[in-house]
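Protein chains in written order, with numbering that gives the first Met the number 0: chain A, 0 to 265; chain B, 0 to 192.
Everything labelled a hint here was simulated from the structure, so no lab data went into it. Do not rely on the hints blindly, as some may be mistaken.
[Said to hold, decoys possible] Computed list of chain A residues with no C-beta within reach of chain B, every gap over 12 Å:
1. A13
2. H219
3. Q221
[As the list claims (entries may be wrong)] Partial list, derived from the structure: chain A residues whose beta carbon lies under 10 Å from chain B:
4. G52
5. A53
6. V117
7. L118
8. R189
9. L201
10. I239
11. A240
12. P241
13. L247
[Claimed, not checked] Just so you have them, the derived chain A footprint on chain B, three or more residues with Cβ under 8 Å:
14. 3-11
15. 63-72
16. 119-125
Using N, Cα and C, we set each Cβ at its ideal position, and we do this for glycine too.
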Amino acid sequence: MRLAMATIAPFQDALWALNSAGEALLLTLLVVRKNYRSYPAFSFYLLVDLTMGATVFFVYHLWGFHSATAYGVAWGTKGIVLFARALAVAEVCAHLLSRYRGVWALAWRILLLCAVLVLSYSILAARHDWGLALLTADRGLELSIATVIVVLFLFARYYEVKVEPVVRSLAIGFCLYSCSAVLNNTVLERWLHDYSAFWNLLRMLAFLASLSIWSWALRHSQSEAQTKEILLPSGIYQAIAPEINLRLRLFNEQLGRFWKVEAGPS
Amino acid sequence: MNFLFYTFILAVAVLLFLLAWSLRAPRKRRTPSLGPLASEQDPGRRHATYLPQIQRALAPADFEFLASRTSRRLARQVGKERRRIALAYLSGVQEDFQRLLKLARVIAILSPEVGAAQEFERLQLGVQFALRCHMIRAELLLGLAPLPQLSGLSQMVSGFAVRMETAITELGERAALATELASSLERRGVDLR
Numbered sequence: 000m001r002l003a004m005a006t007i008a009p010f011q012d013a014l015w016a017l018n019s020a021g022e023a024l025l026l027t028l029l030v031v032r033k034n035y036r037s038y039p040a041f042s043f044y045l046l047v048d049l050t051m052g053a054t055v056f057f058v059y060h061l062w063g064f065h066s067a068t069a070y071g072v073a074w075g076t077k078g079i080v081l082f083a084r085a086l087a088v089a090e091v092c093a094h095l096l097s098r099y100r101g102v103w104a105l106a107w108r109i110l111l112l113c114a115v116l117v118l119s120y121s122i123l124a125a126r127h128d129w130g131l132a133l134l135t136a137d138r139g140l141e142l143s144i145a146t147v148i149v150v151l152f153l154f155a156r157y158y159e160v161k162v163e164p165v166v167r168s169l170a171i172g173f174c175l176y177s178c179s180a181v182l183n184n185t186v187l188e189r190w191l192h193d194y195s196a197f198w199n200l201l202r203m204l205a206f207l208a209s210l211s212i213w214s215w216a217l218r219h220s221q222s223e224a225q226t227k228e229i230l231l232p233s234g235i236y237q238a239i240a241p242e243i244n245l246r247l248r249l250f251n252e253q254l255g256r257f258w259k260v261e262a263g264p265s
Numbered sequence: 000m001n002f003l004f005y006t007f008i009l010a011v012a013v014l015l016f017l018l019a020w021s022l023r024a025p026r027k028r029r030t031p032s033l034g035p036l037a038s039e040q041d042p043g044r045r046h047a048t049y050l051p052q053i054q055r056a057l058a059p060a061d062f063e064f065l066a067s068r069t070s071r072r073l074a075r076q077v078g079k080e081r082r083r084i085a086l087a088y089l090s091g092v093q094e095d096f097q098r099l100l101k102l103a104r105v106i107a108i109l110s111p112e113v114g115a116a117q118e119f120e121r122l123q124l125g126v127q128f129a130l131r132c133h134m135i136r137a138e139l140l141l142g143l144a145p146l147p148q149l150s151g152l153s154q155m156v157s158g159f160a161v162r163m164e165t166a167i168t169e170l171g172e173r174a175a176l177a178t179e180l181a182s183s184l185e186r187r188g189v190d191l192r
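For reference, chain A alone in the conformation it holds in the complex (with noise of 0.2 Å):
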């Protein structure tokens, strides 16, 4: 174990250190291409990662790897930069869908729901152990995250929502660390000593692989401003809604007693 650790120190700072800088360089292409206007809450996100990054980095130095302040502060400044990057999801799920004022409204409560719903089962389905509370709540956050961003996918897919390239990327981004986030707490809520020693070095190898599809994807400058959709007055969802859904429902219902028919015989 000992050995192991010793043996991937030396790569985990050089991660570290990498991916503060790819951090750093995305911040700063991101002022440069003027692309924090249209993305503010993810560059706020990059910025609170990349300042809790530091923080943790100087706690380490004065008090240690494995001093109970230590301890505190990294769980601490995960939990805000988790919220942080709650918000730049939020965002990536308002640039797809807000522009769409009927579908958004719906969606985003459903969005909600799903994360509640999966953050809930997350937690109350983990053993009761309070040492490893943190990394409970840490997986149920990780996967409410990634389930928002599929459903978001799915609700594009369903209603053929065009999805721009950069949005797609950042979702992509978010959704793949996620996931990698909950199988790496996964594994180490069951090899706790065995896998301690990856745990840091797999988490920042898939956030440099996040880091790598955002940068390219925001290389160039974004235009601002969101193509306006033309909305159609709302009477005309009223008038025809009911009737589309009361013309499918006749249509199954004679489906569905035509597979009874043929069923019986045979």
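With chain A's structure known, arrange chain B on it following the hints.
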């Protein structure tokens, strides 16, 4: 512990599968052709309008007569052809249904207010329809052909289309709304014909 471990692994696998599925380009539905007659005629005609010809082609009496007069090989060949026609017809009816469903989605997405109940119901009905069509298709492929029932199905689709067009025409009395709706649908590539 084991259960929980596998639950989370499975959840991530499902999420990644759904992510990949939702990001891939929508598949162009390849409809088996009903022949040159169908493609060269008025594109505004629904598949349902070919119902009499299809019914005639699939009539059991017709098939029995043929079987009694020709070799078994030929009868089998004809049976296979008829199944192919029925499958093509089912795909056509499904295509009509999808077109109407798309219209409904476009209206939803361009509306400032949508009803959650209406949207969920339509999603549920769409899934039901797709599943049932798969069952009918499987029956056709297995030779348990539910041919007469296809007529009810297609009549329902054509009736639906007519009612939709009527509803839009009624709205068209308010000329401005109708123009707006038509142009919105056109921008989204929805063909009402």
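Hint check results:
no., hint, result
1, A13, "27 Å, holds"
2, H219, "21 Å, holds"
3, Q221, "20 Å, holds"
4, G52, "25 Å, violated"
5, A53, "30 Å, violated"
6, V117, "8 Å, holds"
7, L118, "13 Å, violated"
8, R189, "6 Å, holds"
9, L201, "14 Å, violated"
10, I239, "5 Å, holds"
11, A240, "4 Å, holds"
12, P241, "7 Å, holds"
13, L247, "4 Å, holds"
14, 3-11, "holds (count 7)"
15, 63-72, "violated (count 0)"
16, 119-125, "holds (count 5)"
Figure legend: structure checked against the earlier numbered hints; hints not met, in rising order: 4, 5, 7, 9, 15.
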